[in-house]
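Counting the sequence shown from 1 gives a position; the working numbering is that position plus 167.
For the record, the hints were derived by calculation from the structure and aren't laboratory data. Watch out, some of these pointers could steer you wrong.
Here are the simulated DSBU-like cross-link-like pairs (lysine-lysine), alpha carbons at most 35 Å apart as the crow flies [as the list claims (entries may be wrong)]:
hint, residue 1, residue 2
1, K302, K182
2, K181, K268
3, K182, K303
4, K172, K273
5, K181, K245
6, K301, K245
7, K273, K245
8, K301, K270
9, K245, K175
10, K280, K302
11, K181, K298
12, K302, K268
13, K268, K298
14, K273, K182
15, K265, K175
16, K273, K301
17, K265, K298
18, K182, K268
19, K175, K303
20, K303, K245
21, K265, K172
22, K245, K291
23, K291, K181
24, K172, K303
25, K303, K227
26, K280, K270
27, K181, K302
28, K182, K280
29, K181, K273
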Amino acid sequence: MAGNKTRKTAASVKKFLDGVDNARRREDAWVVHDLMAELSGQPATMWGSSLVGFGSYHYKYDSGREGDFMRVGFSPRKQNMVLYIMPGFGSYDDLMAKLGKHKTGKSCLYINKLDDVHMPTLRKLVAASLKAMKKKYPD
Numbered sequence: 168m169a170g171n172k173t174r175k176t177a178a179s180v181k182k183f184l185d186g187v188d189n190a191r192r193r194e195d196a197w198v199v200h201d202l203m204a205e206l207s208g209q210p211a212t213m214w215g216s217s218l219v220g221f222g223s224y225h226y227k228y229d230s231g232r233e234g235d236f237m238r239v240g241f242s243p244r245k246q247n248m249v250l251y252i253m254p255g256f257g258s259y260d261d262l263m264a265k266l267g268k269h270k271t272g273k274s275c276l277y278i279n280k281l282d283d284v285h286m287p288t289l290r291k292l293v294a295a296s297l298k299a300m301k302k303k304y305p306d
C-alpha cells in the first residue's frame, strides 16, 4: 500500500515563511510557528512544498495503508491560514465556540487572519490536539 504523498523534506522553513507574499499572512505565520514550536517542543520541518509541521507520528490503517505525518502544523495559503488539527474538532466544541471567526474541514482550521480569533483559545486548541495525538500515537 502507498503511504502519504506529503512527506517531510529538508527544505528551509525560514526561507518558506519569509517568502510568503502577503505581509500580514507572513507575520501571522511566524506567530503560529512560534506557538506550535513552543507547545510541541519540536522544531519546525517542511512537509511537501507548503506545509510546516511539528513532530511526527506513524499511522497504520486497517486497510494496510501506513505512513508518517506531522502531529500539528499549518500552511499560510493565499486564501487563508490553514492549521492542521489532526484529531479533528469533534471533541473541542467548547473551544470552537470561543475561537472567533473561522471555518473547518475534517482536520483543517481555516483562519483569514489571527486578529479574527481569540489567541488564548487557539493556544488551548493546539495544546489539546497535541495531547490527543500523544495519547493516540505515543512517542
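Evaluation of the provided hints:
Taking the CA atoms of K302 and K182, the gap is about 33 Å. The hint holds against a cut of 35 Å. Annotation: proposed proximity of K181 to K268 holds, straight-line Cα distance about 28 Å (limit 35 Å). In summary, the hint linking K182 to K303 is supported, as the alpha carbons are separated by about 32 Å, within the 35 Å threshold. With a CA separation close to 18 Å, the supplied pair K172 and K273 stays within the 35 Å bound.
A C-alpha spacing of about 18 Å is found between K181 and K245, which places the hinted pair at or below 35 Å, so the restraint holds. Distance restraint check for K301 and K245: the Cα-Cα separation of roughly 31 Å lies within the 35 Å cut-off, and the hinted pair is therefore satisfied. Among the hinted pairs, K273 with K245 is consistent with the structure: their alpha-carbon atoms are about 20 Å apart, no more than 35 Å. A C-alpha spacing of about 25 Å is found between K301 and K270, which places the hinted pair at or below 35 Å, so the restraint holds.
For the hint linking K245 to K175, the alpha-carbon distance of about 22 Å falls within 35 Å, and the restraint holds. Among the hinted pairs, K280 with K302 is consistent with the structure: their alpha-carbon atoms are about 30 Å apart, no more than 35 Å. Taken as a hint, the K181 and K298 pair is honoured in the structure, with Cα atoms around 26 Å apart against an allowance of 35 Å. Distance restraint check for K302 and K268: the Cα-Cα separation of roughly 29 Å lies within the 35 Å cut-off, and the hinted pair is therefore satisfied.
Distance hint between K268 and K298 is fulfilled; the C-alpha atoms sit about 24 Å from each other, no more than 35 Å. A hinted pair counts as satisfied when its Cα atoms are at most 35 Å apart, and K273 with K182 qualifies at roughly 29 Å. The hinted pair formed by K265 and K175 meets the criterion: a straight-line CA distance of about 33 Å does not exceed 35 Å. At most 35 Å may separate the alpha-carbon atoms for a hinted pair to count; K273 and K301 meet this at roughly 19 Å.
Annotation: proposed proximity of K265 to K298 holds, straight-line Cα distance about 20 Å (limit 35 Å). For the suggested pair K182 and K268, the alpha carbons sit about 29 Å apart, so the restraint of at most 35 Å is met. At most 35 Å may separate the alpha-carbon atoms for a hinted pair to count; K175 and K303 meet this at roughly 21 Å. Annotation: proposed proximity of K303 to K245 holds, straight-line Cα distance about 32 Å (limit 35 Å).
For the hint linking K265 to K172, the alpha-carbon distance of about 34 Å falls within 35 Å, and the restraint holds. Annotation: proposed proximity of K245 to K291 holds, straight-line Cα distance about 26 Å (limit 35 Å). The hinted pair formed by K291 and K181 meets the criterion: a straight-line CA distance of about 25 Å does not exceed 35 Å. This hinted pair checks out: K172 and K303 have alpha carbons roughly 22 Å apart, not beyond 35 Å.
For the proposed pair K303 and K227, the alpha carbon gap of about 12 Å is at most 35 Å, so the pair holds. Between K280 and K270 the alpha-carbon distance is near 12 Å, which keeps this suggested pair within the 35 Å criterion. Restraint check for K181 and K302: the C-alpha separation of about 30 Å stays at or below 35 Å, so the hint holds. Distance hint between K182 and K280 is fulfilled; the C-alpha atoms sit about 21 Å from each other, no more than 35 Å.
Between K181 and K273 the CA atoms are separated by roughly 28 Å; this keeps the pair inside 35 Å, and the hint holds.
In summary, the structure agrees with every hint in the numbered list given earlier.
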